[in-house]
Amino acid sequence: MNKMNTNGPRILLFKKEHDKNMAERVAPESYTVKWFQTESSKLMFWDTFDGLVKKAGFSLYSNNRIFTLRPRQGEEGEWVVSLRGEPGRPLKATDFPEGSFRKKLAAIISVRAVMPSPEILRESSAFSILNTDGKTIARALWMVIYPDGRKNPRTAMVLQPLRGYAGELQKYANRLPRAEAHATVEEMLKSLLPATEAVYHSRPRLSFDVNAGMAPALRHILETQFHVMLQNEQGVLEDWDTEFLHDYRVAGRRMRSALSLIKPILHPGIKQELVLALKKLGRYTGPVRDLDVYLLARRDFEKMLPGEFAGRGFDLFFRRLALDRKKRFRELKAFMTSQEYARVKETWRDGLKSWQKHLINNPALEEMAAALLKKHFRKLIKAGGKLSRSSADERFHDLRIEAKKLRYLLEFFSSLYREDIIRDAIRRLKMFQDNLGAFNDYSVQIDMLEKFLGTAEKKKDQEQVKTLSALIAVCHREKEKLKKEYAGLYKAFADEKNQLLYHQLFGGNL
Amino acid sequence: MKIIALYSMKGGVGKTASAVNISYLAARDGRRSLLVDLDPQGSSSFYFRVRPGGGHGTKTLLKGGKKISKNIRETDFENLDILPADISYRNLDLILDGTEKREKVLQKNLSAFKKEYDYIFLDCPPNITLVSENIFHASDIILVPFIPTTLSWLTYDKLLAFFREIEMKRRKLFPFFSMVERRKKLHREMIEILPAEKKRFLKSMIPYSSDVERMGLERAPLPATHPASPATRAFEHLWREVKEID
Ligand SMILES: Nc1ncnc2c1ncn2[C@@H]1O[C@H](COP(=O)(O)OP(=O)(O)OP(=O)(O)O)[C@@H](O)[C@H]1O
Ligand SMILES: [Mg+2]
Chain S
19 MNKMNTNGPR
29 ILLFKKEHDK
39 NMAERVAPES
49 YTVKWFQTES
59 SKLMFWDTFD
69 GLVKKAGFSL
79 YSNNRIFTLR
89 PRQGEEGEWV
99 VSLRGEPGRP
109 LKATDFPEGS
119 FRKKLAAIIS
129 VRAVMPSPEI
139 LRESSAFSIL
149 NTDGKTIARA
159 LWMVIYPDGR
169 KNPRTAMVLQ
179 PLRGYAGELQ
189 KYANRLPRAE
199 AHATVEEMLK
209 SLLPATEAVY
219 HSRPRLSFDV
229 NAGMAPALRH
239 ILETQFHVML
249 QNEQGVLEDW
259 DTEFLHDYRV
269 AGRRMRSALS
279 LIKPILHPGI
289 KQELVLALKK
299 LGRYTGPVRD
309 LDVYLLARRD
319 FEKMLPGEFA
329 GRGFDLFFRR
339 LALDRKKRFR
349 ELKAFMTSQE
359 YARVKETWRD
369 GLKSWQKHLI
379 NNPALEEMAA
389 ALLKKHFRKL
399 IKAGGKLSRS
409 SADERFHDLR
419 IEAKKLRYLL
429 EFFSSLYRED
439 IIRDAIRRLK
449 MFQDNLGAFN
459 DYSVQIDMLE
469 KFLGTAEKKK
479 DQEQVKTLSA
489 LIAVCHREKE
499 KLKKEYAGLY
509 KAFADEKNQL
519 LYHQLFGGNL
Chain H
73 MKIIALYSMK
83 GGVGKTASAV
93 NISYLAARDG
103 RRSLLVDLDP
113 QGSSSFYFRV
123 RPGGGHGTKT
133 LLKGGKKISK
143 NIRETDFENL
153 DILPADISYR
163 NLDLILDGTE
173 KREKVLQKNL
183 SAFKKEYDYI
193 FLDCPPNITL
203 VSENIFHASD
213 IILVPFIPTT
223 LSWLTYDKLL
233 AFFREIEMKR
243 RKLFPFFSMV
253 ERRKKLHREM
263 IEILPAEKKR
273 FLKSMIPYSS
283 DVERMGLERA
293 PLPATHPASP
303 ATRAFEHLWR
313 EVKEID
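Chains as they are written, first to last, in our numbering: chain S, 19 to 528; chain H, 73 to 318.
Check each hint, because a few of them may be wrong.
Claimed, not checked - Here are some of the chain S residues that sit facing chain H, going by a computed Cβ distance under 8 Å: (1) 72; (2) 152; (3) 182.
To be verified - Simulated crosslink set (DSS-like; lysine-lysine; CA at most 30 Å straight-line): (4) 271/H - 230/H; (5) 139/H - 189/S; (6) 315/H - 153/S; (7) 397/S - 515/S; (8) 142/H - 52/S; (9) 142/H - 189/S; (10) 153/S - 186/H; (11) 502/S - 404/S; (12) 208/S - 110/S; (13) 153/S - 74/H; (14) 74/H - 271/H; (15) 139/H - 153/S; (16) 153/S - 187/H; (17) 153/S - 142/H; (18) 72/S - 34/S.
Don't read these hints as lab results, they were simulated from the structure. All C-beta atoms in this analysis are idealised placements derived from N, C-alpha and C, irrespective of residue type, glycine included.
Whenever a hint applies, use it, and build me the whole structure from the sequences.
Shown next as structure tokens:
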């Protein structure tokens with residue numbers, strides 16, 4: 019039953035496909051249905067890689083070149099703008115004409131880019147429902163929606179009772195076939211889009227042939243991550259969004275880790291070659307990413323700084339960072355379009371193709387995976403237990419790297435274990451890692467800020483000096499906070515339950 | 073918000089026809105309009121295919137605000153709502169009689185809709201009662217359809233006398249000729265004499281027209297179904313004149 023409890027529109031997405039006559043068939047006797055014109059439109063939804071628009075409680079969609087930004091149902095406001103040119107590519111706030119739409123969008127996605135969903139085709143026919151007296155009791159829309167080209171149409175109905183007739187319309191609504199109710203038409207349309215996860219996974223779940231040994235498994239890991247890198251390549255080059263570079267880099271790091279952790283499998287010669295190729299790449303991607311992290315954190319810094327420091331000096335500093343980023347990005351782009359980069363990729367392609375040739379060993383998969391996981395867990399527990407609030411920063415960095423190794427191994431081999439248990443193990447590790455990761459971020463930032471401070475002092479730019487010193491102080495403060503929290507997090511990670519979990523998973527004594 | 077009543081002590085003079093058509097024209101101008109059907113017969117509700125209230129809302133108009141709002145219905149025409157007649161209005165006089173400030177209840181209750189509507193039109197029953205007194209108090213403009221006959225003249229004079237008696241401003245009253253038949257000598261003569269006698273006559277005149285009669289069959293405002301009818305033009309003229317009154 020479709021319940022009508024408010025006077026707002028009812029938006030119903032039918033479970034099954036129906037033909038237009040259904041709207042008339044279900045009407046109580048002596049009611050009539052009057053049809054009006056049919057219109058068709060094409061819609062696309064836009065969001066960043068990681069759904070910032072959605073997370074902010076908004077929805078952004080385009081109908082031809084008209085873009086609409088709208089808050090969740092029940093909230094005020096709507097921003098509309100029309101864009102010249104083809105909207106078929108990722109867009110940043112700055113791609114839109116200046117005005118309130120752009121301002122609003124920038125507040126949500128800052129420097130990031132929104133990307134289009136597949137196109138949804140919608141045909142809507144307006145109709146009215148008239149009661150026994152020939153009085154209109156509701157205006158309605160019959161919609162046929164093609165979320166995916168011309169295949170698999172869905173049918174939906176929007177019912178808007180006229181004031182004073184919600185009760186009478188209920189009689190009609192009660193007779194409609196099974197449907198899901200949605201709060202807004204946009205939300206309904208969005209629910210029909212294919213899940214984006216299906217298209218792209220930064221961490222694809224791997225499945226192995228357990229009996230084929232570790233060598234093909236390692237190849238599979240590397241191949242998959244190499245593919246993730248390539249999937250992000252264009253996004254990096256076009257600078258669509260910072261997330262492309264992020265995922266691109268992480269894939270590269272996973273490849274390096276896999277090569278160095280899972281050994282001995284490959285001949286050291288080829289291994290060295292593959293690692294060096296990735297290192298070369300890292301020299302160009304690293305600086306851009308570091309600056310991205312900074313630029314993205316601008317608002318957080320603004321919040322942490324006392325007002326007097328977040329003024330012109332702060333602004334200037336960020337403008338400089340943005341300029342610096344531009345320069346570094348140009349270098350990265352130049353590299354990625356060079357012969358050298360083509361050779362990096364070639365090295366990898368060849369290495370994977372001639373895999374068999376370079377093998378020196380092929381241990382049993384499950385045994386080796388368990389042994390690796392056990393070893394790195396034990397190492398992490400041991401090293402972690404030695405740290406305290408007063409330990410040097412370097413110790414924390416080393417531990418972070420240790421934790422990351424374990425994390426990658428858990429992810430690589432997750433398909434060998436029970437899904438719920440491995441997920442729990444990852445979740446526990448992640449909580450511990452977050453503390454170490456944040457600690458590292460502040461350290462990196464302090465280094466960078468100190469470099470900037472040096473230049474500012476030389477230039478006698480008092481305002482910059484003031485801002486930078488304040489930022490450094492804030493970073494130190496936050497870092498100390500994290501150190502203080504460390505002991506509790508370590509205890510939680512190293513507790514008996516977790517030890518038991520690893521024991522259960524990977525066997526043997528810990 | 074302006075409240076405009078269609079009122080006459082005489083029955084069958086075109087109050088309802090005018091209320092339905094000019095409220096529709098106001099809405100067509102984009103003004104948010106509410107037609108209040110005060111006649112228990114419910115003729116204007118009928119023209120909009122809206123059933124009268126079943127009498128549960130005995131005191132709808134007396135309770136005001138929310139209670140009225142709950143009974144308002146959207147017509148099939150944009151910007152035009154209607155508060156349908158209620159059978160219980162037959163007893164309205166009795167109920168009003170017992171209330172405080174009894175001649176100003178309607179005025180008070182309609183004032184709750186100041187923000188919601190630009191115009192409220194009142195289609196009134198033909199008599200002089202406490203309900204009429206309420207109508208006179210509530211209205212900014214009282215339109216009086218006037219069939220050009222001597223009898224109408226007499227009734228109109230009675231109305232003026234009543235206004236004097238209750239110390240109501242006669243300036244609110246705007247008579248206009250209704251159901252005019254040019255071929256009738258009496259009508260022609262009355263139209264010539266009366267406006268000179270009573271200076272407040274509006275210039276618009278609604279002709280006698282079979283199109284208006286047929287409204288009962290078609291159950292819709294005339295301009296919506298017969299945009300080119302001479303009667304439609306007359307109602308349009310009337311509405312243009314009324315909206316200029318301040
Ligand atoms: N201009 C007109 N030409 C022809 N017929 C008309 C005209 N105006 C009204 N009528 C008809 O005259 C009758 C009475 O009209 P209407 O209901 O508008 O008058 P009323 O003053 O509201 O009557 P009541 O006092 O009964 O409420 C109706 O049948 C209507 O169709
Ligand atoms: Mg009437």
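Quiz item: For this structure, which hints from the list above don't hold up?
Solution: 1
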